[in-house]
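Please arrange chain B with the ligands on chain A, whose structure you already have, making use of the hints.
From first to last, the protein sequence lines stand for chains A and B. So the first sequence is numbered by the numbering used here: it starts at 49 and just counts up by one. So the second sequence is numbered by the numbering used here: it starts at 89 and just counts up by one.
These are calculated hints, taken from the structure and not from any lab test. Careful, some of the hints might be misleading.
Said to hold, decoys possible - As a list, the in silico DSS-like pairs of lysine-lysine whose alpha-carbon atoms are at most 25 Å apart:
#	chain 1	residue 1	chain 2	residue 2
1	A	252	B	150
2	A	419	A	429
3	A	252	B	158
To be verified - Simulated coverage check for chain A against chain B, where a stretch passes if three residues somewhere in it have a Cβ under 8 Å from a Cβ of chain B:
#	stretch
4	236 to 246
5	364 to 370
Quick caveat: nothing in here was measured; it's all calculated off a predicted structure. A virtual CB, placed ideally from N, CA and C, is assigned to each residue, including glycine.
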Amino acid sequence: MKTQTATLIETVAEKTIHISGAEAVIHCLLAENVDLIYGYPGGAIMPVYDELYKYQDKLHHVLTRHEQGATHMAQGYARATGKVGVAIATSGPGATNFVTGIADAQIDSTPMVCITGQVPRHLLGSDAFQETDIVGISMPVTKWNYQITKASEIPEIFAKAFYIARSGRPGPVLIDITKNAQFETFDFEYKKCTEVRSYKPKPKVNSDQLAAAAELINAAKKPMIVFGQGIILGEAEDEFKAFIEKTGIPSAWTILGLSALPTEHPLNVGMVGMHGNYGPNRLTNECDTLIAIGMRFDDRVTGDLNTYAKQAKIIHFEIDPAEVDKNVKTDVAVLGDVKETLAEILPLVNPNSYPNWLEEFKKHATIEFDKVIKKDLYPEKDGLTMGEVLKEINNATNGDAIIVTDVGQHQMVACRYAKFNQTKSNITSGGLGTMGFALPAAIGAKMGTPQREVVAIIGDGGYQMTIQELGTILQTNAAVKIIVLNNEYLGMVRQWQQLFFDRRYASTEMVNPDFVTIAKGYHIEASRVAKREELAGAVKAMIASDKAYFLEVCVEKEDNVFPMIPSGASVSDIRLS
Amino acid sequence: MEEQKTFTVSIYTENNVGLLNRVSSIFLKRHINIEGLTTSRSEIEDVNRFIIVAKMTEVQVKKIVTQLEKQIEVIRAYYHTDDETIFQESALFKISNEHLYDEVIQRKLKFRQANIVTLTEDFFVIEASGSKEHVDKLYDRLKPYGLMQFVRSGRIAITRDKMQISELLQEL
Ligand SMILES: Cc1ncc(C[n+]2csc(CCOP(=O)(O)OP(=O)(O)O)c2C)c(N)n1
Ligand SMILES: [Mg+2]
Chain A
49 MKTQTATLIE TVAEKTIHIS GAEAVIHCLL AENVDLIYGY PGGAIMPVYD
99 ELYKYQDKLH HVLTRHEQGA THMAQGYARA TGKVGVAIAT SGPGATNFVT
149 GIADAQIDST PMVCITGQVP RHLLGSDAFQ ETDIVGISMP VTKWNYQITK
199 ASEIPEIFAK AFYIARSGRP GPVLIDITKN AQFETFDFEY KKCTEVRSYK
249 PKPKVNSDQL AAAAELINAA KKPMIVFGQG IILGEAEDEF KAFIEKTGIP
299 SAWTILGLSA LPTEHPLNVG MVGMHGNYGP NRLTNECDTL IAIGMRFDDR
349 VTGDLNTYAK QAKIIHFEID PAEVDKNVKT DVAVLGDVKE TLAEILPLVN
399 PNSYPNWLEE FKKHATIEFD KVIKKDLYPE KDGLTMGEVL KEINNATNGD
449 AIIVTDVGQH QMVACRYAKF NQTKSNITSG GLGTMGFALP AAIGAKMGTP
499 QREVVAIIGD GGYQMTIQEL GTILQTNAAV KIIVLNNEYL GMVRQWQQLF
549 FDRRYASTEM VNPDFVTIAK GYHIEASRVA KREELAGAVK AMIASDKAYF
599 LEVCVEKEDN VFPMIPSGAS VSDIRLS
Chain B
89 MEEQKTFTVS IYTENNVGLL NRVSSIFLKR HINIEGLTTS RSEIEDVNRF
139 IIVAKMTEVQ VKKIVTQLEK QIEVIRAYYH TDDETIFQES ALFKISNEHL
189 YDEVIQRKLK FRQANIVTLT EDFFVIEASG SKEHVDKLYD RLKPYGLMQF
239 VRSGRIAITR DKMQISELLQ EL
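Here chain A stands alone, though its shape is the one from the complex:
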């Protein structure tokens, strides 16, 4: 298959062929090494689907059950593989159903190319059947978008789209293709894009910035690192590890930085942010130097900016100049791809270690263990906790699985407790917090990395937002493991209602269907567990299965996730109960 594709690209590159716009779309995708796309057909994209039929041995199309599912699958695929995910849909409702996934990919910097059909050029602007201005609608949530109205534009625009989606700070690109452009024939020739004159994907590394940063780092007494997804997107895990191991600096992660550094690494001090760990949150306001690497100081990380790390010198390693000084004023910004800047700063920093400072993190971890973690992982009450489910998943997978989470309490618990040995293993909707993300994203992740175990952890609420994608599992046999942590509540919202709205549980209680029967209806093996003594066995059985598997765990209804920094409060005011 590989060689077939390679020769095809060669022939395409060598000579011009006379083909339709629709067929050109397929050739462009093959030239970009795409072998899997997710989508849903409809009138305005039918010419491309007709070509997909003809090329099905070279380009596999996965029929999803909803266009939102297609975007999240493409995202899951991209996050697990590092490659560009591709989704395709028709005009009008097909295109608008893409919007949530595109917005999610934009805020979480996921490389994705979305293709939508559009009414023929002569009908544009006439309110034709299934016409929507998807270019206008998606403009604020795409890295770039473009409407193709002539077949001859296809090769150049596709080449540009893939280049833009994957380079620099990655992101989603949308290409809208009018139907006439799909039918027209033209002389096709494909050239990969390596440059767009108005776009500089990576700032040039500046040696003065490196020197200034190294000076601050070498002088620090209580330095702390907060790293984000930039490490993963830049594939800089090795450079990062070398940097922290030489400098000995305690390193905390944002939710999207999770898995860039193995959980067990001695310098891994946990998660920052609203439901992060006690130590890294509190010590943010005690460190003397805060080194932010490939992260963007999201408000869920910083809490109140007026009381955030005011005592510290701030160093920011960042690829996107628009992020520097956006939320937190930096003392030294090190612009550039972290793979380059971390490698280049390594010879400039002194070998060091901070045993007393690291001890501070350990002390905080002990407090958190006594007040929070013990109850989560080794509960003495009857009801099951989400934490102990995670403990059993860790036991069964040894930290080698890709964990895909939805949004809510289960997500926070999973990110707090899941163990990771390798990078690109934590896939969650961070910036947008899109309920319904996990099931389709897990399908995409599994298809992108079939050799890996993929476990989706989902709440009973979010599961029902994209539950129809069980149909995609049925049709493709994607061996995804699905755990629903059923608390019969929109738990995270209920927690806020309990803590900040005097327990007025407005519309957060869920009357749920029989999830096991539903999974079985899709011919997916399924079971339910509600007792502690059955939990470990149930999780093991699920992981042992080589097919898709659904497990519902009935957990305590009104458990809360702690620690917690109340919205708008200071990181110092993190609550343990």
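Only chain B with the ligands this time, still in chain A's reference frame:
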């Protein structure tokens, strides 16, 4: 809170249909009201320029400029204060012919504070260019004559300092 000032933001871009939307939404999304917007070709071939006038703080305008430059088809963006720019606006006033010989109007024309661009049987049109204040003053003087129509342009501006255009040219 930092003081709000009027800034002129100059944006050099590729020539692309959708860009106006992308550019203006960067202001609107932050609740910054665009007071003037002009778009035209620039001194560089195939490069367009937007000039946007808006009131905000310097911290805000800096962030806006980096957000603008982040857009794929934006080549460069700059901001300037009023002191750093030479700027003009122009306006057209349509007035009924019965006022053509009124003293105020004749005086304005005589001292070249405005020019007649059209004269018909029923009305005449006066054009004036200059600072916003100049146009505002003229408006106040002419309003009593019952303006049949009035329109003013967005700001066009040129910086006092040398812009790093040569640097920009080199990049392209
Ligand atoms: C699409 C969408 N709608 C609403 C929300 C707001 N929201 C955040 S968490 C949450 C509750 C999620 O409930 P569930 O999926 O059962 O997970 P739990 O918190 O109970 O673990 C809601 C409604 C959201 N994040 N996404
Ligand atoms: Mg729930």
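Next on the checklist: Hint compliance check: list the failing hint numbers for this structure, sorted ascending.
Outcome noted: Every hint satisfied by this model.
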